[in-house]
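Undergrad: Now for the letters of each chain:
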Amino acid sequence: MYPLFYSFCFYLFGLIAIASALAFVTRRSPVAAALWLVNVLFCLAALYVMLDAPFIAAVQVLVYAGAIMVVFLFVVMLLNLGLPGELADARGLLAKILAGLAGIVLLAKIMSSRTAVPIESLMLRPDSLATVARIQGAVAPVAQPLFTEYLIAFEVTSILLLVAAVGAVLIGRRRAAAVEGVGAG
Amino acid sequence: MLLLQSALVQSALVQAALGALPAARPTWNLALPGQLLGALGPDLLLAGGAVLLLLVAVARPESDRHQRAVGWASLGLVGLTIVAVVAYASRGALATEGPIAVDTFRWAVDIVVLIGTGCTIALSMESNPLDGILTAESHVLVLFSAAGMLLLAAARDLILVFLGIELMSVAVYILSGLDRRSERSAEAALKYFLLGAFSTGFLLYGIALVYGATGSTNLATIGEHVARYSLMYNPMLVAGVALLLIGFSFKVAAVPFHMWAPDVYEGAPTPITAFMAAAVKVAAFAAFLRIWLDAFPTVAYQWHNAIWLLAVLTMLVGNVVALRQRNLKRMLAYSSIAHAGYLLVTVVVANSLGASAFLFYLVAYTLATMGAFAVVIALGEPGERNQEIADYAGLWTVEPWLAAAMAVFMMALLGFPIAGGMGFFAKWYVIDAAIHAPHPQTVLAVILVLASVISCGYYLGVVLTMFMKPRPANAPAVRPVPTGTFLVIYLSAFTLLLFGVLPNGFVQLAHDSVPISMVGAPARAPVASAASR
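Taken in order, these protein sequences are the chains called A and F. Last residue of the first sequence: number 185 in the numbering used here, and the count goes up by one each step with no gaps. Last residue of the second sequence: number 533 in the numbering used here, and the count goes up by one each step with no gaps.
Please keep in mind that the hints were generated in silico from the structure rather than gathered at the bench. Certain hints may be false.
[Stated by the list, open to error] A short, non-exhaustive set of chain A residues, derived as facing chain F with CB atoms under 10 angstroms: (1) Asp52; (2) Pro54; (3) Val71; (4) Ile159.
Note that the structure is a prediction, hence the values are computed from the model and not measured. Heads up, the beta-carbon is just placed ideally off N, CA and C, and yes, glycines get one too.
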């Protein structure tokens, strides 16, 4: 990849991520904040792609931006926190100062470790999955154990998802039937 | 005489099928895909059949007739699976490693779970229409839940344990919210779902930490690594085991993690309550015990006090709070919490004696619970009415057989000799296992007996109400008991009494059914000890 284009992409996604993160912590409406968080997670996924980790990027989108955000929104809706202002008391001045301090400490730590030599035990070992992934691409090392060693778990997951889907339909249809019943009565 | 003879023949048959140890047992190599598939035979039969029945269930619009047809087909599938399990058990094959256990413990738990599943389907087929539930899918969901339970009984890998628990629970979350007319059913479903998801979080985090500490999710490998690298005091492992313990305590509703149970048990449709109290608890306990015996035998003594305390609290709180209940369904919910405490005693003992006492207890408990809930269903009126204990006053005068059966179930849950049938021996063997543990649990045994004495208060209270109190003039007439419910009630009562009189064959079976890690471990036969006293 061309270095100029690479740095352009890096700064583009990095800036969007930071801007979205700022928007995430400053929005008053929980739903809007959650959607800004989705934006942050997408930008991080893009950065993972640039770091030669396409699999982690895909998982980031699927798991964080997909599943976990749905759960966030589910809780927000369940507790009926959709109106702005209801969560304001959860973010007092002290909490803001502490969070700011923690952020500064983290930033300083990252800056200071930019030039540090990586710890030996954290370096990639030649037999590690990540090294294999670098040579073969990420799909094979993930897929192979998934369809050999963890085949049963994989298949059971499919049944689990089937049951969840059937249950969702059953509960959803239950509502419709109840409404019909009310209409008929 | 005829009865005695048939009982002897039956117990001999079952013993031949399950217990007889051939000189050389065939061993399975689960590293080969074909053998792994073979080892999962009954599970595949049940899950595959359930998928087919799902297609049948959705093929037609909701109606009582269709619902019954699917219910009977589901019962047939459960029967087939029981036959398959017995066939597998009679071959006596073993597998010493791999993600799936092939051992007698698994087959024994499978049979208990499948009996509970069959009873649930038979009961819900007849009681669901009364509550306006006509979905045929409900029976299929029970089957899927049972498939998860079979997996739990078999799993020797934490990933499979997790998936089994989820498959079992997700189906039951939905089932507990089936009653479309009842707000409490919706409340039960939501409460169960949220707390279930919460406890799953504990379980999953615990599994992740155990994996991080030991580098494996396979139970045998975990046990080996913990012993070899002496990870007993590794903080990551300690935290992982603690989280696993909390997760399982939630699932089996042990005090102080029991808060969800009474509301959920009361709100769910009664057959599903029976399913939760019996089968779900049995399967979760089986997985708990297997993890404890296989993966953490070296860690167990550190956690001894924690589980000891859980057992004592569960026994005492469950029984004391049950004393105050006026609603029979809620009383049975608290009584099932108390029984979780008795079962925890076998986890404290954690040896093969404990495991066989555990299995014997499961059979008695499942039959008595299913029977008691079946009586509640038979006498219940639509809309979850007529379930107060006071509504049972003078039942003896109008329905003597039903009252007698209910008395047997109450006595069995109490552990009363003769009249309680198997219940007495179940409690006897748990106490026996506690006293003869390597570190004798005498105090625990004493507390168990005390807790049972407390439980007399409410179990005998029901019996007294049925037999001694006059029938109120405005009591609703008892409907004729439908076939399935009838069979569940009287077959459970008959089996409880039969094996209560002739427990030896059954005890031998339970004694032979130990987890694979215990095969070959020396253990004293409970039969011999019972005979010598």
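Undergrad: All hints, please: hold or fail.
TA: Evaluation of the provided hints:
1. Taking 10 angstroms as the C-beta contact cut-off toward chain F, the hint placing A/Asp52 at the interface is violated, the least distance being around 25 angstroms.
2. At about 24 angstroms, the closest approach between the beta carbon of A/Pro54 and any beta carbon in chain F exceeds 10 angstroms, and the interface hint on this residue is violated.
3. At its closest, the beta carbon of A/Val71 sits 9 angstroms from a beta carbon of chain F; the interface hint therefore holds under the 10 angstroms criterion.
4. Here the hint on A/Ile159 is kept, as its CB sits about 6 angstroms from the closest CB of chain F, short of 10 angstroms.
Going through the hint list in order, the structure does not satisfy hints 1 and 2.
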